[in-house]
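Engineer: Here are the chains, one letter per residue:
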Amino acid sequence: MLRYTAQRLLLVIPTLIAVAVLVFFLVRVLPGDPVEVKLIGEFGDVNPELIYKERKRLGLEDPLHIQFVNFMVGLPQGDMGISLVTERPLTQEIGARITISIELAFFATLLSVIIAFPLGTAAALYRGTWFDYVIRIITIGGLAVPSFWFGMLIIMALLATVGKLPSLDTAGLFEDPMANLYTLFWPALSVGYRYSSVIARMLRSSILEVLAEDYIRTARAKGLYERIVIVKHGMRNALLPTVTVVGLEFAFLIGGLVVTEQVFNINGIGKMFVEAVQFNDMTMLQGLVLIVATSFVLINLLVDLLYAALDPRIRYQA
Amino acid sequence: MNDTQEKNDVLLDVEDLEVEFHTGAGVVRAVDGTSFKVHRGEFLSIVGESGCGKSVTALSLMRLLPRKTAAVKAKKIMFDGIDLSTLPEAEMRELRGRHISMIFQEPMTSLNPVLTIGDQITEPLITHLKMSQKEADIRAIELINMVGIPDPERRITQYPHQFSGGMRQRAMIAIGLACEPKLIIADEPTTALDVTIQAQILELLKDISDRLGIAVILITHNLGVVAAYADRVNVMYAARIIERGSSSNIFGAPAHPYTVGLMRSVPRLDKPRVGRLATIEGMPPNLLAPPQGCRFRDRCPIAEQKCEETPPTTTAPGTIEDHTVACWKNEFAKENAPILYGSETAIEKEKSAHGEKVLLNVNGLKQYFNISIREGLKSHKVDIRAVDDMSFNVREGETVGLVGESGCGKTSAGRAILHLDNPTAGNIEFDGNLLNGGNIAAVRRDMQVIFQDPFSSLNPRMKVGQILEEPIKVHKLRDGKSARLDRVAELLTQVGLYPYMADRYPHELSGGQRQRVGIARALALEPRLIICDEPVSALDVSVQAQIINLLEDLQNDLGLAYVFIAHDLAVVRHISHRVIVMYLGKVMEVGEGNTLYDNPQHPYTQALLDAAPVPDPEIERNRQRTILEGDIPSPLNPPSGCVFSTRCPMVTDECKSMVPELNDFALGHGVACIKIGAS
Amino acid sequence: MTVSAPTENESDADIKTSAQQLKAEQPSRRTVSDFIKQQPLGTIGFLIIVILFLSAIFAPDVAPYDPEEVDFMASPALGGGAPGSEHLLGGDAFGRDILSRLIFGARTALSIGFFSAFIGCSIGAIIGIVSAFAGGKVDILVQRGIDLLLSFPIIILAILVIAIVPKNVVFGIDINVIIAISIPFIPKCARVIRSAALSIVTLAYVDAAKAAGYKGSRIVFRHILPNVVAPYLILITAYIGQAILLEASLSFLGLGVVEPTPSWGLMLAGVNSDYYITAPWMIVFPGLAVTLAVFAFNLLGDSLRDWLDPKLKL
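Protein chains in written order, with this note's numbering: chain A, 1 to 318; chain B, 319 to 997; chain C, 998 to 1311.
Any given hint could turn out to be false.
These stretches of chain A come out as covered by chain B in the derived footprint (C-beta under 8 Å, 3 or more residues) [stated by the list, open to error]:
| # | segment |
| --- | --- |
| 1 | 75–89 |
| 2 | 136–143 |
| 3 | 309–316 |
In the DSSO-like style, the derived pairs of lysine-lysine whose C-alpha atoms are separated by at most 27 Å in a straight line are [as the list claims (entries may be wrong)]:
| # | chain 1 | residue 1 | chain 2 | residue 2 |
| --- | --- | --- | --- | --- |
| 4 | C | K1134 | B | K699 |
| 5 | A | K232 | B | K355 |
| 6 | B | K355 | B | K391 |
| 7 | B | K799 | C | K1212 |
| 8 | B | K452 | B | K500 |
| 9 | B | K647 | B | K355 |
| 10 | B | K993 | B | K684 |
| 11 | C | K1207 | B | K799 |
| 12 | B | K684 | C | K1207 |
| 13 | B | K791 | C | K1207 |
| 14 | B | K781 | C | K1212 |
| 15 | B | K448 | B | K500 |
| 16 | B | K794 | C | K1207 |
To be clear, the hints were calculated from the coordinates, so they are not data collected in a lab. None of the values given here were measured: they were computed from a predicted structure. Note that the Cβ used here is the ideal one computed from N, Cα and C, for glycine as well.
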């Protein structure tokens, strides 16, 4: 297991490097000049010489490969450059707002898994009953309902019942856990609806598939208690494809944060992302995309390791 | 055994078992009122072709059929004094794995891949015998020893994917044995295994049955296995037991036309080819709408008006023992068995002689596959020697059989000759022309192929007619559409199908019909040589005979040469003029068919022939066999020197350092073994 | 010269009687009426899609009002706009009829949805097939590329592309949005089609085609491609739904289509927080439209999968 972990860790590094390179070049293709937009915004019409000087100052006139080297060298040191709009270091800007997004993502994942597992399992075991149908309809909804609209509906419900929205001044988790969790619960639910639907569906279908396998028949032929057959023999195998899907769909969750933070007016990096595009803040965009992609790669690494921990066929090559 | 002893020793008494499946398409009666008994310590075999209901019978005895779709009824199922048909589920569960165990066909999928073997063996011990984990572990090691798996302490902690096929099946037997049951049901336990491994497993099963007095119900379609091991036999057809009796009677004096047909349609391993195989025409009936009366009626050579009424099960004529048969004309069938399926003269048809001209010449063929093996962080490349220096030739109109177990390289050799995978080294000459990547296209017409799997060998999106028309069109063999369509009709008729089947899609045909289409496609190009890669392995016994006869007739009529690749030794003997025996990529022995089978020289050939059972209980009972130990080595790690050295009963140190050449033991008979002298 | 009697009995295939596998193999006929019978949910999905399509095409005739027609009497800002006889689904902040805007919005949703999915999946499919057939280094390179692109959540990729590609409206359709949405679909499609193609390439009938001396192009077009069509169709149907969702999300963020193009997402974007209580219909109906459309395509896609290729893992 240790060997496999080391193996995978080493493989992640070239992937991350490739991601960084891709992001760098993608973002350079942006049309429009953020500096020009910014100066025009501040001073009205501006002469090109001033624009050129600003660009030089910000390092945007340097040849591409110099910019690239600076970028790549700075990364391992934690330097992602500066925001073209605020001119403050990106690490500072992003750092200030990333905590809440991480919390939200984590909370949403937790919530989704907690909801999806019992529901998906029950739907599989009580297949064909009205319970199963209800769950299936709910999960189909999760795939079709736009998460931002769901968020809006939640807000409507909150306004109608409680009369007010959770406080926007979201206190930190450790300062005031109850208020914090209460505030984040609703957006977590909103973005987690889809996530939990996908997980529940996958779990249901994989349990059904597994229960049709030969080794379940063998387990029954041994006269084991049905409970043990389903849990020990069935669930462990059904978990495998489910775990993979949890990892893959995490990307949707991250994407969902972008709209959800907008709807619930949460000051996280999702909102930052939209702002960066609106203000043409190229470096900010670059930094955010890099962070998102990197976190996705790392999450998938974790998922792979979890999978290997569960499946001896991966741990021990025959 | 005399009568009173028999009665006291009855372990299982099934009366009037019926199993119905409620499918989307209707109700299927998979078992239609069968009755039989099993005595203590007895070895009973239930034999029949696919769809006859034998597996369903086993599963219904264990009550393992899904309750929602399957309805099981019986007058009684008495097991050791308990009626299983009325037993509450909780008590049935206690019986399962404890007093009755079951072993399944596919050892890979029948074991849970995420649990250790030890865990899976100790489960029934803990559940039924209430052992502690420690006690169970000790017993598990005992069991693993008992089933012949070496190094038990280490094996207990391993997972199924780390075991070979044969070892997995042994592990399954260990699981079945754990609580010392009174009855073990084995559902096709060796069908997925190689011949030499099959022999090991069956011997183990028989040994356990004899030593521990455990009754065994062995379900199989392999008549040789039945003859070698079974005391009694139930023959099933279309959900009914149509004949039942002792092994000697069933084989020696069958009384049902189906049993007679089955016996006579199986090629013999131990006798030279006598003539064409008897064939039972047609196919088993559709159980969604079975025919009235006797279900074998439509295929039976002696059916008459009376057979529209279901024949009762009566005692077979001239026997005192429990030999029953369900046929109105059982006396007639028994007396006229040899000629039921065609007169003696019609069946006796000489094998066609072959020409002298060499059509295909293979010299020093090597097929190595280079793959990367990852070990930790590094990966290194390894050569798998699928075919390692093989030379042989095929003459016009000749059938050369290529036989061997898995990993022997026979299929790779076929593919290399066809250049489906380019050979690593060696010369292949067709009709005097050296083949290479460049001129292979010109030869494609002359050298065709038939595949094993009737399902995947035909494009599901093309109609049969289109599949057959395509080669004609591409190679411009006929002028104009209507000429091509005429040829398609001709081809279909040639392989025994109706021309209107050209309008069908492959999934609308049966396995046997699809295989015929595959043959027709090969014929469409008017080849001179056809590589047959396991063409009958996926078919039922009665359909096999049809296809084998078809291939022989085509050879007679069209002068075709065949390279016949198969693992079934009897089939290969029947159809081949010459035979090549392969093991791990190397040729072990080559010679004229009858000579090789009657007088095998190489220890591997001898072991192979020893391992394969013959459908004749008398012969089997008196046979001396040496069963090979151990598993077939992995091609990733072949033994040094002679590849057979790890399992050879005659091995010496010399064998491990020298690779034996193929020496001429006698004219036309080559043997690759340093212990066998050249002539 | 018949060699053995023709085998007449075409009993329905081989009935596998092992307990778990007992289904009489019905030749899955490919006619439409069979589909309706065996896949009722998919048929419902299909019908909904047809209705949406027709409303979109005949929007000017079907919609009761002009979608841009402003009517301050029907605005909730002035106390009106509730769903009623005049405005079936109510009016928005400017008093524009919501039902009409929904119907016109269907045009945007369906056209962007369809084109994005079609372009993305087709390019992806071609890449997948070529990669599978070429094998070797090409295949490995393409796979790495696919994996790389798949490290980005699709909305992030789409937003990036939106930021890059200049706005371009042709015939009332926003090309840049279509490009932005189709690009994330390319790697996903390529992966699925590649593995479908790979599994076909190893099948015996492809070997038979090679052995019969058919040219590579014939093998690809006649034998491999038709068997890849099924996963391709299933993917497109599923991704049209995803594309509609993505378009709505982008427009909601202000990064997709802009006024005056009608879009369900846009209708949700402009909702002032006051209206959450006073005019819930402004929120409920546009979102419901998106849900319904995506739902219909998902139903159809699931049914197609059951019908054509149940083992397909998307």
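Engineer: Compare the structure with each hint and give your call.
Structural biologist: Hint by hint, here is what the structure shows:
no.: 1; hint: 75–89; result: violated (count 0)
no.: 2; hint: 136–143; result: violated (count 0)
no.: 3; hint: 309–316; result: holds (count 5)
no.: 4; hint: K1134/C x K699/B; result: 16 Å, holds
no.: 5; hint: K232/A x K355/B; result: 36 Å, violated
no.: 6; hint: K355/B x K391/B; result: 17 Å, holds
no.: 7; hint: K799/B x K1212/C; result: 21 Å, holds
no.: 8; hint: K452/B x K500/B; result: 25 Å, holds
no.: 9; hint: K647/B x K355/B; result: 25 Å, holds
no.: 10; hint: K993/B x K684/B; result: 25 Å, holds
no.: 11; hint: K1207/C x K799/B; result: 23 Å, holds
no.: 12; hint: K684/B x K1207/C; result: 21 Å, holds
no.: 13; hint: K791/B x K1207/C; result: 15 Å, holds
no.: 14; hint: K781/B x K1212/C; result: 20 Å, holds
no.: 15; hint: K448/B x K500/B; result: 19 Å, holds
no.: 16; hint: K794/B x K1207/C; result: 17 Å, holds
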